[in-house]
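A.B. asks: Read off the chains here:
2 protein chains.
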Amino acid sequence: MSFDIRHAAAKASAAKTAIANLDQGARLQLLLDVASELRKATDSVLTANQIDIQTAHASGLPAPMIDRLTLDFKGVESIALAVEDIAKQPEVLGSVSNIRPMPSGIQVGKMRIPLGVVAMIYESRPNVTIDAAVLCLKAGNAVILRGGKEAQASNQALADVLHAALQKNGLSKDVCTVIPDPDREIMNDMLTLSDDIDLIIPRGGEGLIRHVSENSKIPVIQHFKGVCHLYIDAQADLQKALPILENGKTQRTGVCNALETLLIHKDIAAEALPHIATLFAKHDVKVHACERSLAFFENAVAAQDEDWHAEYLALEIAVRVVNDFERAVEHIQQYGSGHTEVIVTENLANAQRFMREVNSSVIMLNASSRFSDGGELGLGAEIGISTSKLHAYGPMGAEQLTTEKFVVYGDGHIRA
Amino acid sequence: MSFDIRHAAAKASAAKTAIANLDQGARLQLLLDVASELRKATDSVLTANQIDIQTAHASGLPAPMIDRLTLDFKGVESIALAVEDIAKQPEVLGSVSNIRPMPSGIQVGKMRIPLGVVAMIYESRPNVTIDAAVLCLKAGNAVILRGGKEAQASNQALADVLHAALQKNGLSKDVCTVIPDPDREIMNDMLTLSDDIDLIIPRGGEGLIRHVSENSKIPVIQHFKGVCHLYIDAQADLQKALPILENGKTQRTGVCNALETLLIHKDIAAEALPHIATLFAKHDVKVHACERSLAFFENAVAAQDEDWHAEYLALEIAVRVVNDFERAVEHIQQYGSGHTEVIVTENLANAQRFMREVNSSVIMLNASSRFSDGGELGLGAEIGISTSKLHAYGPMGAEQLTTEKFVVYGDGHIRA
Chain A
758 MSFDIRHAAA
768 KASAAKTAIA
778 NLDQGARLQL
788 LLDVASELRK
798 ATDSVLTANQ
808 IDIQTAHASG
818 LPAPMIDRLT
828 LDFKGVESIA
838 LAVEDIAKQP
848 EVLGSVSNIR
858 PMPSGIQVGK
868 MRIPLGVVAM
878 IYESRPNVTI
888 DAAVLCLKAG
898 NAVILRGGKE
908 AQASNQALAD
918 VLHAALQKNG
928 LSKDVCTVIP
938 DPDREIMNDM
948 LTLSDDIDLI
958 IPRGGEGLIR
968 HVSENSKIPV
978 IQHFKGVCHL
988 YIDAQADLQK
998 ALPILENGKT
1008 QRTGVCNALE
1018 TLLIHKDIAA
1028 EALPHIATLF
1038 AKHDVKVHAC
1048 ERSLAFFENA
1058 VAAQDEDWHA
1068 EYLALEIAVR
1078 VVNDFERAVE
1088 HIQQYGSGHT
1098 EVIVTENLAN
1108 AQRFMREVNS
1118 SVIMLNASSR
1128 FSDGGELGLG
1138 AEIGISTSKL
1148 HAYGPMGAEQ
1158 LTTEKFVVYG
1168 DGHIRA
Chain V
758 MSFDIRHAAA
768 KASAAKTAIA
778 NLDQGARLQL
788 LLDVASELRK
798 ATDSVLTANQ
808 IDIQTAHASG
818 LPAPMIDRLT
828 LDFKGVESIA
838 LAVEDIAKQP
848 EVLGSVSNIR
858 PMPSGIQVGK
868 MRIPLGVVAM
878 IYESRPNVTI
888 DAAVLCLKAG
898 NAVILRGGKE
908 AQASNQALAD
918 VLHAALQKNG
928 LSKDVCTVIP
938 DPDREIMNDM
948 LTLSDDIDLI
958 IPRGGEGLIR
968 HVSENSKIPV
978 IQHFKGVCHL
988 YIDAQADLQK
998 ALPILENGKT
1008 QRTGVCNALE
1018 TLLIHKDIAA
1028 EALPHIATLF
1038 AKHDVKVHAC
1048 ERSLAFFENA
1058 VAAQDEDWHA
1068 EYLALEIAVR
1078 VVNDFERAVE
1088 HIQQYGSGHT
1098 EVIVTENLAN
1108 AQRFMREVNS
1118 SVIMLNASSR
1128 FSDGGELGLG
1138 AEIGISTSKL
1148 HAYGPMGAEQ
1158 LTTEKFVVYG
1168 DGHIRA
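Line by line, the protein sequences give chains A and V.
Anchor point for the first sequence: position 271 equals 1028 in my numbering, and the numbering is continuous, going up by one each time.
Anchor point for the second sequence: position 364 equals 1121 in my numbering, and the numbering is continuous, going up by one each time.
Looking at chain A on its own, in the form it has when it is part of the complex:
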């Protein structure tokens, strides 16, 4: 019998008021109980995870996917610690900002409130089940989780953890629904339930995100690819530029905040490119070089137009020499994915223009793109990185899972 997503969404919506109205102490206790229930359930979570791993081996899942799927004792403990971190972050709900008197005599402010019901669609990492649920609970939302079929058994064991914590705190398990059936039709049905679900956050491959965005009747926060650029300006300090390039390209390659394209001002190219070639050779980085930089690299290949769009997620980079600052900005505007862009320069005017004019979600001066992450930017844990400008742009933490309503205080005031 197939899972009834319509019924589940209606129940989640009915449960949202209880989680929204928890006071701060009760919310802290609930989240701490998620951590302790998770620790208690370590054995059953790992047993379930073994089932997923065996199924994955049997069905010939590629090794990196099995790696993402795998949990061990340390992994479970690190999820529990992350939950405790989120629990102890400052409360995001109920704060009233900017109360101002109006000419009519009323006082007007804005109060932060939950969105309602948030649905997450994601792939094989089982830790997302707990992270996403806990961030939603922190923000006072009910949550519907639809993980990948590879992690089905693990996700059900983690659902039991969430439900145990909810029950212990007198809350309905409808506050956290983990869809047990990875059937695509169920997901597609879910995308139509705009009366009960307020937001959909898909995380995963570009195909999944496009499918969700194009079929959803519910607002979607998208995270497409991260084609992050480093622009080395004419007046860059190479003592800063080279470590930032190395860190951005080689520290971790499979992540969306890794560098994919290097732009370099023509006036510094001759000085910088030999050092850059040495750096790339040391790390065995494959280079797709423009005509003007090709000769500096051993074994580089000529860049094609598709390289400017490429998210390699590997030890691979596109390199282009540009005539001036404007050309660098134009390149980013034309080919960028709205994720993260870095300028390295000592020229104040260019630094200011870059920060102001380049409208990707994270803009950096003389710092590594690898800082583009909820934790590093001070949000605590992150639920995703939005590359669409509506509602949230860039890394999203608990606060980005809330909205603000107007609050008006009068004493019998009427409108003239």
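Derived from the structure by calculation, the hints contain no laboratory data.
Incorrect hints may have been included.
Since the list gives no way to pick one copy over another, a pair counts as held whenever it fits inside one copy or between any two copies.
[Unchecked claim] Only pairs whose alpha carbons sit at most 27 angstroms apart, straight line, appear in this in silico BS3-like list of lysine-lysine:
1) Lys-982 with Lys-768
2) Lys-768 with Lys-925
3) Lys-867 with Lys-982
4) Lys-930 with Lys-845
5) Lys-925 with Lys-1043
6) Lys-867 with Lys-845
7) Lys-997 with Lys-1023
8) Lys-982 with Lys-906
9) Lys-974 with Lys-930
The structure presented is a predicted model; accordingly, all values stated were derived computationally and were not measured.
Position chain V relative to chain A; hints supplied.
C.D. replies: Structure of chain V alone, referenced to chain A:
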């Protein structure tokens, strides 16, 4: 030959950088020039408006729609004054908030930036053409305007005004596109252009808004109906409650912030209802009353379930006696439209609970629902009232047509 919306949207997107990067003085000048070009063009705007009015009469358009369509000298002047008001409001772009040092040593803040290209879909009021364009320009966005076919000639004359001001300031007229062809297919095509358009704001009847929401591949900010509630609590001061009721229901009836449902605590019902009946009789308000209040009114009809959902937009109201505070909140949660809700009470605990727990876009204590308006809430002009929680909730001014990006300042920092 049909209008090429795909081409127009691509041109709007190409023009967005120029309008985003205007400095504050240049933006002020552009907006002041819209006002002066409008005054200069008064004759041609009124001539065009006469054409629309004649067409409307000939096609038998209802009188209230012709009324909304009609411009006169005073109307044009009041649009020009509104433009000058918006022009002189504080700049919304470029401010950087909350710069904080992180443990890694980087400094992180958020900078307010435009959304990009905003498309407005609206009906017969031609003043929206200028208001919406100017709010979008204030927020640094390019704008695509799709007005109703009734106002076609007026809108083209107003497009000429916008283009004259843009040209005078060295900007492309692609910054403001007024679609000359009200064909529905063009609008439907527009809803698919998610690469070039960042936000759609439909204003008009519920049918239009639903059609846009269900067919758009672009984020939509919805303003559905305003079923605004007044709850008179057991400890209400009737000296405040009665004027707030009268103002909310009778000052203007065809607006979304008018009251549609009155909830009244059983302990104050017997005292209050005779006064309320007098008040309604004075204004000839038709009453749909619950069983417990029916006898208090002359000529009231028994309320049906559909009355709790009704947006009458007329001298008509639904009245229900509730057993307690919780019942009032439940009624609002079940039947409310997320617009505006008012509590009248002297009970501090209930006031606080109402402000905290009722999550419509505007929540008021002892004040008239008629204050639920961008101008009264301090936003300056408003482009609409959002009843969907994503991105903006409640009245939307220029700031709600922007987003924030992260800005990161380092000095060679890399991630450990």
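A.B. asks: Tell me, which hint numbers fail for this structure?
C.D. replies: Of the numbered hints given earlier, the structure breaks just one, which is hint 5.
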